[in-house]
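Make a model of the complete structure from these sequences and hints.
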Amino acid sequence: MKDKKKIIVVGGGLSGLMAALKICEAGGDVDLFSYCPVKRSHSLCAQGGINACMNTKGEGDSIWEHFDDTVYGGDFLADQTAVKGMTDAAPKLIKMFDRMGVPFTRTAEGVLDLRNFGGQKNKRTCFAGSTTGQQLLYALDEQVRKWEVKGNVKKYEFWEFIKVIKNKEGVCRGIVAQNMNSMEIQAFRGDTTILATGGPGMVFGRCTASTICNGSAVSAVYQQGAHLANTEFIQIHPTAIPGTDKNRLMSEACRGEGGRVWTYKDGKPWYFLEEMYPAYGNLVPRDVASRAIYDVCVNQGLGINGENRVYLDLSHIDADYLERKLGGILEMYSEFVGDDPRKVPMQIYPSVHYSMGGIWVDPKHNTNVPGLMASGECDYQYHGANRLGANSLLSAAYSGTVSGPEAMRWAYEGERGSDLTDEDLAKAQQECVDEFEAILKMDGTENAHELHHELGDLMNKYVTIVRVNKELDYCFDEVKKILARWDNIGVTDTSRWANQEAMFIRQLRNMIIYALVVTKSARMRDESRGAHYKAEFPQRDDERFMKTTIADFDLGTSEPKISYIEFDHSLIKPRPRNYAVAKKEDK
Amino acid sequence: MADKKTVHFIIERQDSPTSAPYTEEFEVPYRPALNVVASLMEIQKNPVTKDGKKTRPIVWECNCLEKVCGACMMVINGKAQQACAALIDHLEQPIRLSPARTFPVIRDLLIDRSVMFESLKRIQGWVNVDGSWEVKDAPIQNPKTAATAYEISHCMTCGCCMEACPNVGTQSDFIGPAPTVQAHLFNLHPIGKFNKEERLDALMEKGGITSCGNSQNCVEVCPKNIKLTTYLAQLNRDVNKQAIKNIFNK
Chain A
1 MKDKKKIIVV GGGLSGLMAA LKICEAGGDV DLFSYCPVKR SHSLCAQGGI NACMNTKGEG
61 DSIWEHFDDT VYGGDFLADQ TAVKGMTDAA PKLIKMFDRM GVPFTRTAEG VLDLRNFGGQ
121 KNKRTCFAGS TTGQQLLYAL DEQVRKWEVK GNVKKYEFWE FIKVIKNKEG VCRGIVAQNM
181 NSMEIQAFRG DTTILATGGP GMVFGRCTAS TICNGSAVSA VYQQGAHLAN TEFIQIHPTA
241 IPGTDKNRLM SEACRGEGGR VWTYKDGKPW YFLEEMYPAY GNLVPRDVAS RAIYDVCVNQ
301 GLGINGENRV YLDLSHIDAD YLERKLGGIL EMYSEFVGDD PRKVPMQIYP SVHYSMGGIW
361 VDPKHNTNVP GLMASGECDY QYHGANRLGA NSLLSAAYSG TVSGPEAMRW AYEGERGSDL
421 TDEDLAKAQQ ECVDEFEAIL KMDGTENAHE LHHELGDLMN KYVTIVRVNK ELDYCFDEVK
481 KILARWDNIG VTDTSRWANQ EAMFIRQLRN MIIYALVVTK SARMRDESRG AHYKAEFPQR
541 DDERFMKTTI ADFDLGTSEP KISYIEFDHS LIKPRPRNYA VAKKEDK
Chain B
1 MADKKTVHFI IERQDSPTSA PYTEEFEVPY RPALNVVASL MEIQKNPVTK DGKKTRPIVW
61 ECNCLEKVCG ACMMVINGKA QQACAALIDH LEQPIRLSPA RTFPVIRDLL IDRSVMFESL
121 KRIQGWVNVD GSWEVKDAPI QNPKTAATAY EISHCMTCGC CMEACPNVGT QSDFIGPAPT
181 VQAHLFNLHP IGKFNKEERL DALMEKGGIT SCGNSQNCVE VCPKNIKLTT YLAQLNRDVN
241 KQAIKNIFNK
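Here the protein sequences come in this chain order: A and B. Going left to right, the first sequence walks through residues 1 to 587 as the numbering used here numbers them. Going left to right, the second sequence walks through residues 1 to 250 as the numbering used here numbers them.
Simulated from the structure, these hints should not be mistaken for lab results. Idealized CB from N, CA, C, for every residue including glycine. Incorrect hints may have been included.
What the hints assert, rightly or not - Take a look, some chain A residues computed to stay more than 12 angstroms from chain B by CB distance:
hint : residue
1    : Lys4
2    : Val38
3    : Asp113
4    : Gly225
5    : Thr244
6    : Lys481
7    : Asp552
8    : Pro574
9    : Arg577
What the hints assert, rightly or not - Part of the chain B face toward chain A, derived, beta carbon under 7 angstroms:
hint : residue
10   : Ala71
11   : Arg107
12   : Ile140
13   : Pro143
Dropping the structure here:
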């Protein structure tokens, strides 16, 4: 019998849980680390649905078309073989989730209902009301709990990942993590480590992400040599409820179910998306819709009452239908805003939502650091320059089905070099202890949360919908100043028990360093593609930039070194992306 | 309400699981649509009490701020609820915050709810699929039953119902409304129901459904409006039927 392998999975969202499940099924053990009980992971904020070609609506939908929509929607920057694998697997994943008990919304005949979503002409989005992410996450949480009872999964909930431990050959063989209550810092051995830590939304301060989506773990491994890819591609979701604490997402499913976006022009409602993009109307992809809303509000000054807001209108749709298809989020809007979207149009504005970029991985989700893998939103793999709505739950779940088995393969067959000695573990642990002790002694004048607020304001202002090189240069300098000011933070909580502030200070430094990567990567890409738009360079430039941006950490300056590499686009030839007319497939 | 300049908080604090609680008062600048979590975030930026005394920021748990993750449950003006969805405009001042003491307090408003997740193991809260691999088409489901399942599956393990239930606590070993009702969710599923007997047997044991005192508090506080008492009653009937069956099968 083969010896037992232990895989470390950091992050218990959809991707981490899917990977954990696959590892258990392959006979491995999992140490699962998470900031929170995994059932509270950010995957549960996904609302509208998950794409899969089920073809149950008589539209002749095909997997190829899902594939083509995804590549076209991503403006030809996604690895095509990887995307093909994902779209091929999608219908099987849906059946798996169905068997696991996800309460998908059903037709009268009892099969899964499908809805429309942006950038796709066919109904292809499976959904559970408007809480699809919550329901998918719970299903995997339940399955992993079953393995926990069997003893194959050990959960480290309320533990924060600090860094990976490499052996002398440079292979990742373990991690250091900290108990968020006792503050105990401990080193762990793992045969393979998978990071599934989600997106970096908090780098932008206010966004649709959960407070735990800070990109800190990603930044930490980047500073240890893992390459980041395409981080400049930040998805701005067109329809969020602006808030001072966070922008709350208002699902694309609203438009999928017939919602219309408009504002007043010359005293009359102007359905500008329908006018600008007659073929797709309100269901253009997110980057296109966000830019249109930005243009209408900022350039044309036509936002509601002169503010940066437009209407998202469901009030013409039957109330019972809305309740069945969108219930959860309409309740949320009523609760946080006070108006009933069944009766009056909602007021929305674009918000930072998702990162297409992340840790560079190969088609099996290995990073350039041997023994370290990345899976889910924290990797860069499936969405190119823009992600289609309802493809994120798919990529999260699918990537776990790839990374989990690959982690086991690596554990048995990889060139792992020497084992970590007890001294290696003690040394790695002590480094993190020293660093934490230094944080507890910080007595400068800056408040970490204020500094984070400033970082978010900068990034939101300069590195979102419209980017200008001069402004990106300015932003980069300002973020560097914030990095310098980090040293002057004064800690207000010196307790050694559940000290959230000290942990936040450590996370903040990682966030600032990640912000430098996003800003620099955006500065270097002189073209417009998907979510990355520069007025100075409004066209896509395939010759120079149909390449993956790679960021490599420079220890001396704490800045990224940017380079470009080729990627696999062997299946579909690039063609101009234009949502004013119906997409023509290129087989 | 919009003319209010500041919001007054009285917060029950506790430095560690074993230390004595104390209160501190804070004033936070008012702004429209302000909620309790956003107020706590303001205090983080400048942790100074109402009397100008420097203090440590409040410790609490939050993630999504959209009332879907369940993390930020605390007792606000006497009622267990999600702090992110507790809008200042709807609360009487001074606003009193305290930890949900049905659960062990870790620090300040941060509590340990691991008991709820443990209970989900006890009721076998999963559908016992053979594996994540491809088997065949999933069974067709009655859309009405699926709609009921959808309602129960909104439970975010926040613990409001546990805090409100008079039978959950040190005086009883009742596992509480939320984990109990989850058993019904899996019993509704066409594959999940194959393990219905095991789940009902688990609910017959100590701390199971017989510990429910039918006080009906849970359904009043559930932030997801799950008809907890309806499903508790259904489970009670199922458990009784199962108990009789068990007698004849012995």
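Hint check, failures only: Hint check: 2, 3 and 5 fail, others pass.
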